[in-house]
Amino acid sequence: MSVSDRLKTETLEWSVAQMRGQAFLSGAGVLRRPLRGQVTRIGRGAGNHISPQGAGLSKQHAELRRTDDGWLLIDLGSRNGTYVGGARVQEALLPDRAELRFGGAVMWFELSQEEQLADREALPGLVGGDAAMIELARLVRRVAPTTVPVLIQGETGVGKERVAEAVHQLSGRRGAFIPINCGGFSPELVGAELFGAVRGAYTGADRDRVGALMAASGGTLFLDELGELPLSVQVQLLRTLESGTIRRLGEARERAVDVRVVAATHRDLGAMMNQGTFRADLFHRVAVFPLRVPPLRERLGDLPAIARHLLSAQSAELRLHADALAALCAYRWPGNVRELRNLITRAAILADGDVIHAQDLALEAVCERPSPMRTLDERRRIALGVCAGRGNLSEAARQLGMARSTLYRKLQRLGWDDLDKEELLARAEEATSA
16 MSVSDRLKTE TLEWSVAQMR GQAFLSGAGV LRRPLRGQVT RIGRGAGNHI SPQGAGLSKQ
76 HAELRRTDDG WLLIDLGSRN GTYVGGARVQ EALLPDRAEL RFGGAVMWFE LSQEEQLADR
136 EALPGLVGGD AAMIELARLV RRVAPTTVPV LIQGETGVGK ERVAEAVHQL SGRRGAFIPI
196 NCGGFSPELV GAELFGAVRG AYTGADRDRV GALMAASGGT LFLDELGELP LSVQVQLLRT
256 LESGTIRRLG EARERAVDVR VVAATHRDLG AMMNQGTFRA DLFHRVAVFP LRVPPLRERL
316 GDLPAIARHL LSAQSAELRL HADALAALCA YRWPGNVREL RNLITRAAIL ADGDVIHAQD
376 LALEAVCERP SPMRTLDERR RIALGVCAGR GNLSEAARQL GMARSTLYRK LQRLGWDDLD
436 KEELLARAEE ATSA
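Sequential numbering from 16 applies to the sequence shown in the numbering used here.
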């Protein structure tokens, strides 16, 4: 049987009943491609199903084989190795999402059926099927119908307010969801914002003010950045949580409120208690049911889906190229999803045409982040990049995920900076075969 006939035979469609879900590969110049057969071969030679772009790819590098247990990745004796999540493997049963590397070509494996299941399990307003997010959704669904106070912890920009909104939506409470940023007011005014005030209670109070606690009666009050509350206001809040009543500033009368309190913070409240800047009794009152929202860098498997979701809000025509996704996944995201949203918004404006490439992202910091081939030793890694660029330094730098000036400095350290194009390519090929 010829190679082409064998490939045609191996790529016959399995019935839906035989499949756990539709698998996809993307990255290294390959747009999101479905794996339609029992076997998918990866390599740079003729007769392969997929030939990704990247240095160090063998003619017959690896294959993905569908089994009863899932998708099995098998290395076919490649020179530069096959990796799953940074670990070199000969054979590996793949999880539902995984970063794969064939030499220097980085690709993403994913199962769509699991994505759809994750979407069904995810919280309203949140995207992602990472195990930590699925567990978060389970906990939210358990606590939402109760009246128990919830404390949401996580870094800035991870989506704590979205989680709080999900608690409210799933609670069945008919009142409003009222968000208050505790750090957004002066210490003198935050009490009035929370509890309300009567006319003349303080300088500038020219009318009665309905506080957030009263406005949220029958619903949910979200106290964002709880750690910013002054100690004096912490005392008042504790009393309200214990008694179910409020007293507006300048008023002797107490008023009953039926409010569910959900708080959030990025600060270490335990350390603040030790320092005397946060009351222990208030902490134990609001932290009855703590929830943690993981940072984006801990769930990079969700990043492509989140990025596409954010991009769809900007334009239905725009899409992300594989090199853009690779650049996004190489970044550490100190600002989390908020930073990603801002970056996608900017890239949608800068993109020429309907495809966003890595250069449209303006992620200068990516040059300092781990390259897809960073696990190789420096000399061999640079040589692979030079080979992939056929001696062209700009293309080699792109393949390596670094600035051209950075590549030139590395060539100087190797003593290769004074070689012409042919000599440089010969030296690189010698280094890769050593």
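Hints are computed from structural coordinates only; laboratory data are not their basis.
Treat each hint with caution, since some may be false.
[Said to hold, decoys possible] If you anchor each label on the Cβ, the simulated ranges turn out as follows:
#1 THR162 with GLY44: 49 to 57 Å
#2 GLU257 with THR360: 37 to 45 Å
#3 GLY259 with GLY198: 21 to 29 Å
#4 ARG312 with ILE364: 36 to 44 Å
#5 ASN289 with SER258: 38 to 46 Å
#6 ALA267 with ALA331: 33 to 41 Å
Even for Gly, the Cβ is constructed at its ideal location relative to N, Cα and C.
A quick look at each hint next to the structure:
no., hint, in the structure
1, THR162 with GLY44: 49 to 57 Å, "holds (54 Å)"
2, GLU257 with THR360: 37 to 45 Å, "holds (44 Å)"
3, GLY259 with GLY198: 21 to 29 Å, "holds (26 Å)"
4, ARG312 with ILE364: 36 to 44 Å, "violated (25 Å)"
5, ASN289 with SER258: 38 to 46 Å, "violated (28 Å)"
6, ALA267 with ALA331: 33 to 41 Å, "violated (58 Å)"
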